[in-house]
Amino acid sequence: MPHFDAAYNLARWLTRSAEDADDMVQESYLRAFTFFDGFRGGDARWWLFSIVRNTCYTWLRKNGAQELMEFDEAQHSPASNALNPEDLQLRRADRETLREALEKLPAEFREVLVLREIEDLAYKEIAEVTGLPLGTVMSRLSRARRRLQELLAVPAGQES
Amino acid sequence: MSCKEIQGLMDPYIDRELDLVRSIELERHMHDCPSCARLHEDRAALRTAIGAGSLRYRAPDTLKKSVQAALVERDRQERAPGRWRWFRLPGPVIAATAAAALLIAIWWVRPVEGALQREVVEGHIRSLMANHLTDVPSTDQHTVKPWFAGKLDFSPTVKDLTAEGFTLVGGRLDYLDNHAVAAIVYQRRQHVINVFVWPTSEGDRGERAAVRQGYNVVWFVRSGMAYWLASDLNPAELRQLAGLLIR
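From first to last, the protein sequence lines are chains F and Z.
Sequential numbering from 1 applies to the first sequence in the numbering used here.
Sequential numbering from 1 applies to the second sequence in the numbering used here.
Honestly, I wouldn't trust all of these hints.
With a cut-off of at most 27 Å between alpha-carbon atoms, the simulated DSSO-like pairs for lysine-lysine come out as follows [said to hold, decoys possible]:
1. 145/Z x 159/Z
2. 124/F x 145/Z
3. 104/F x 124/F
4. 62/F x 104/F
5. 62/F x 64/Z
So the derived label-pair ranges between C-beta atoms look like this [unchecked claim]:
6. 16/Z x 131/F: 44 to 50 Å
7. 16/Z x 2/F: 25 to 31 Å
8. 223/Z x 18/F: 34 to 40 Å
9. 190/Z x 96/F: 44 to 50 Å
10. 76/Z x 103/F: 34 to 40 Å
11. 21/Z x 136/F: 22 to 28 Å
12. 35/Z x 54/F: 39 to 45 Å
13. 150/F x 65/Z: 50 to 56 Å
14. 143/Z x 124/F: 28 to 34 Å
15. 124/F x 199/Z: 53 to 59 Å
16. 94/F x 35/Z: 26 to 32 Å
17. 33/Z x 150/F: 42 to 48 Å
18. 139/Z x 103/F: 47 to 53 Å
Derived coverage of chain Z by chain F (criterion: at least 3 residues anywhere in the stretch with Cβ under 8 Å from a Cβ of chain F; other residues may be distant) [unchecked claim]:
19. 11-20
20. 142-156
21. 200-209
22. 240-247
No wet-lab data here; the hints were simulated from the structure.
If you're wondering where the values come from, they're calculated on a predicted model, not measured in any experiment.
Glycine included, each C-beta is placed from N, C-alpha and C at the ideal position.
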């Protein structure tokens with residue numbers, strides 16, 4: 001099946017649960033094949049990503065994922081401006097630490113990071129998958145990285 | 001540019017999405033500003049860490065199998081709708097549907113052709129979804145036609161129909177009706193058209209058309225070759241291409 005691992009990876013990161021990711025992927029593929037008419041050429045991977053994404057978001061909303069309801073661009077950004085880059089000592093992050101930090105981010109941040117860093121999509125492609133304006137993709141990605149960096153950082157001098 | 005502006009451009013810069021002029025400006029600034037250089041270093045380190053961190057989850061094989069099974073099941077259901085569905089429909093509708101189905105069955109779809117239609121449309125969808133439209137991408141008929149030689153035991157007609165508005169995109173080997181077939185790919189506007197060609201023992205037969213899973217299919221037999229066209233292009237233009245192929 002085309003792009004199966006990529007679809008699974010996105011669903012796994014959005015749901016943060018192996019079991020739920022299974023359901024999301026299964027549902028997405030059935031939808032993809034049923035509504036194949038909705039696909040009008042182009043890269044099938046983006047199209048599939050957008051189906052997985054919509055399926056996961058529906059699920060997140062239904063399952064009371066508060067992060068989605070409470071997500072607010074403004075709320076998630078201004079405090080970070082106060083941080084001086086020099087205060088951020090990037091901890092040598094192993095895989096588990098990274099994984100945990102990434103999972104702590106709101107779904108909207110996880111999504112852009114997964115699409116950019118793991119799936120290596122360009123900004124334009126992320127905009128296509130998420131239906132967000134290019135500028136929003138850019139700023140969201142920037143904030144997501146900033147948040148991730150803060151989560152991974154320890155105050156200078158305390159690095160073990 | 002101020003440090004604040006630089007910081008706003010740091011991510012597009014790292015992602016290689018920043019234009020050249022501003023990239024150079026940013027690099028100059030970082031050269032003189034340790035604080036921004038440090039930010040760049042951190043962000044780049046973060047990217048490397050994520051990139052190298054093998055954070056990708058692999059789909060379990062059991063899931064692959066179960067999704068495949070679900071798709072096969074769905075396909076089967078669509079081909080033979082469960083009987084219970086009929087009970088919900090009023091009598092006249094069932095009668096009319098049955099009559100129409102019978103007519104279609106008699107006039108259009110011999111059992112073999114029904115299965116072939118499905119195969120052809122599946123072949124068409126597969127070529128789009130798997131990102132494997134052509135083995136030999138070329139708009140030149142003199143490149144595409146020889147490419148098939150040695151791969152097939154027949155030589156399909158490949159025509160340049162650009163003047164008529166059908167652009168040759170390339171050729172591909174496919175497998176239909178239990179043998180290897182030539183798939184010649186044309187494009188009209190945004191619509192991709194797969195023309196499947198293979199030898200047949202049947203005599204010449206005129207065009208027939210059907211709609212399957214939202215795709216238009218046109219097929220005919222000419223000079224010992226079966227031609228099957230599949231596309232989301234409208235039926236009229238698909239028939240036009242059919243006419244051009246044997247002109």
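Consistency of the hints with the structure:
no., hint, result
1, 145/Z x 159/Z, "holds (9 Å)"
2, 124/F x 145/Z, "violated (37 Å)"
3, 104/F x 124/F, "holds (26 Å)"
4, 62/F x 104/F, "holds (20 Å)"
5, 62/F x 64/Z, "holds (25 Å)"
6, 16/Z x 131/F: 44 to 50 Å, "violated (23 Å)"
7, 16/Z x 2/F: 25 to 31 Å, "holds (27 Å)"
8, 223/Z x 18/F: 34 to 40 Å, "violated (57 Å)"
9, 190/Z x 96/F: 44 to 50 Å, "holds (46 Å)"
10, 76/Z x 103/F: 34 to 40 Å, "holds (39 Å)"
11, 21/Z x 136/F: 22 to 28 Å, "holds (24 Å)"
12, 35/Z x 54/F: 39 to 45 Å, "holds (41 Å)"
13, 150/F x 65/Z: 50 to 56 Å, "violated (41 Å)"
14, 143/Z x 124/F: 28 to 34 Å, "holds (32 Å)"
15, 124/F x 199/Z: 53 to 59 Å, "violated (45 Å)"
16, 94/F x 35/Z: 26 to 32 Å, "holds (27 Å)"
17, 33/Z x 150/F: 42 to 48 Å, "violated (21 Å)"
18, 139/Z x 103/F: 47 to 53 Å, "holds (48 Å)"
19, 11-20, "holds (count 4)"
20, 142-156, "violated (count 0)"
21, 200-209, "violated (count 0)"
22, 240-247, "violated (count 0)"
Violated hints for the displayed structure, listed by number in ascending order: 2, 6, 8, 13, 15, 17, 20, 21, 22.
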